[in-house]
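*Asks:* These protein sequence lines map, in sequence, to chains A and B.
Per the working numbering, numbering through the first sequence is continuous, rising by one, with the last residue being 567.
Per the working numbering, numbering through the second sequence is continuous, rising by one, with the last residue being 567.
Please keep in mind that the hints were generated in silico from the structure rather than gathered at the bench.
Be aware that a few hints might be false.
Since the list gives no way to pick out one identical chain from another, each pair is judged satisfied if it fits inside one copy or across any two copies.
[What the hints assert, rightly or not] With a straight-line Cα cutoff of 25 Å, these simulated PhoX-like cross-link-like pairs (lysine-lysine) come out:
(1) 567 with 538
(2) 550 with 567
(3) 551 with 538
(4) 551 with 466
(5) 530 with 551
(6) 530 with 558
(7) 550 with 466
(8) 529 with 466
(9) 545 with 466
(10) 529 with 558
(11) 538 with 550
(12) 530 with 466
(13) 558 with 466
(14) 551 with 567
(15) 545 with 567
Protein chains: 2
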Amino acid sequence: MIAKTIRTPYYAVIFSSIRSEEDSGYAEMADEMIELAHSQPGFLGVESARNELGITVSYWESIDAIKKWQEHPAHKIAQQRGKEDWYKKYAVRICKVDSDYFFEK
Amino acid sequence: MIAKTIRTPYYAVIFSSIRSEEDSGYAEMADEMIELAHSQPGFLGVESARNELGITVSYWESIDAIKKWQEHPAHKIAQQRGKEDWYKKYAVRICKVDSDYFFEK
Numbered sequence: 463m464i465a466k467t468i469r470t471p472y473y474a475v476i477f478s479s480i481r482s483e484e485d486s487g488y489a490e491m492a493d494e495m496i497e498l499a500h501s502q503p504g505f506l507g508v509e510s511a512r513n514e515l516g517i518t519v520s521y522w523e524s525i526d527a528i529k530k531w532q533e534h535p536a537h538k539i540a541q542q543r544g545k546e547d548w549y550k551k552y553a554v555r556i557c558k559v560d561s562d563y564f565f566e567k
Numbered sequence: 463m464i465a466k467t468i469r470t471p472y473y474a475v476i477f478s479s480i481r482s483e484e485d486s487g488y489a490e491m492a493d494e495m496i497e498l499a500h501s502q503p504g505f506l507g508v509e510s511a512r513n514e515l516g517i518t519v520s521y522w523e524s525i526d527a528i529k530k531w532q533e534h535p536a537h538k539i540a541q542q543r544g545k546e547d548w549y550k551k552y553a554v555r556i557c558k559v560d561s562d563y564f565f566e567k
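Please model the entire structure based on the sequences and the hints provided.
*Replies:* Pasting the structure below:
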C-alpha cells in the first residue's frame, strides 16, 4: 500500500536492511512494531518491501514525532534485538519530504 | 545493497509503486534507467525492493541533480511509458536527508 500522507512538508524515516539468518521472533516483532507505530502521535503511514534488501519507509508529521518513536521503550527493545539477532546491516535515514507527486490510473 | 552515501545533508527520491499487469519492456527499461542514473552528475546510489509494493530510493548530492535527472530525455520517455503501461499507481517523494545512521555487524 502506498501511504496516504499529508501536504508537504512532512518527514520520513528510510530504514534499509539486510537480514541475518536468525529468524526467531522476527516476524512477530516486525508486525508488533508496525502496529505500535500506527498508534503513535504524528504517524502518517508506512510502506515496506523486501527482497534481499528490505526497505521500510515510515512517514511522520514532525521530527519530534520521529524522535519520540525512536525512544519508545518497546521500540528500543526491538532495536536492540535487531542489532543482536536479526540484521546483518542496516541504514536509517531521517528526511524532510519537501515535495511529492501522486499518480493513479 | 545498501547505498553508500556522503555526509548529510544529501537528497533522496522515494519512488513507491504498484505495477499493472503489463510487463512488456518493463524489466529492460528499469535496468536501463538504473544504469543511466549511475552516470548522472550528483548520483550517489540507489536501493530497491519489490513485493506487491515496490520501493526504489535514489540518493543525490543536490536538488538540482534530481531536477536534471527528472528532466533527462530518456528518463522522460520512461516516465511516460510508466504512466501509460507499467504502473497502476505511484508516489514520488523528494526529500532532504538530514541525518543518517549505519549499523554493520
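*Asks:* Hints first: check each against the structure and report whether it holds.
*Replies:* Hint check results:
no.: 1; hint: 567 with 538; verdict: between (40 Å within a copy, 18 Å between copies)
no.: 2; hint: 550 with 567; verdict: between (39 Å within a copy, 5 Å between copies)
no.: 3; hint: 551 with 538; verdict: within (17 Å within a copy, 34 Å between copies)
no.: 4; hint: 551 with 466; verdict: between (29 Å within a copy, 12 Å between copies)
no.: 5; hint: 530 with 551; verdict: within (23 Å within a copy, 32 Å between copies)
no.: 6; hint: 530 with 558; verdict: both (16 Å within a copy, 20 Å between copies)
no.: 7; hint: 550 with 466; verdict: between (31 Å within a copy, 16 Å between copies)
no.: 8; hint: 529 with 466; verdict: both (21 Å within a copy, 24 Å between copies)
no.: 9; hint: 545 with 466; verdict: between (30 Å within a copy, 19 Å between copies)
no.: 10; hint: 529 with 558; verdict: both (14 Å within a copy, 17 Å between copies)
no.: 11; hint: 538 with 550; verdict: within (18 Å within a copy, 37 Å between copies)
no.: 12; hint: 530 with 466; verdict: within (21 Å within a copy, 27 Å between copies)
no.: 13; hint: 558 with 466; verdict: both (16 Å within a copy, 20 Å between copies)
no.: 14; hint: 551 with 567; verdict: between (37 Å within a copy, 6 Å between copies)
no.: 15; hint: 545 with 567; verdict: between (41 Å within a copy, 8 Å between copies)
In summary, the structure agrees with every hint in the numbered list given earlier.
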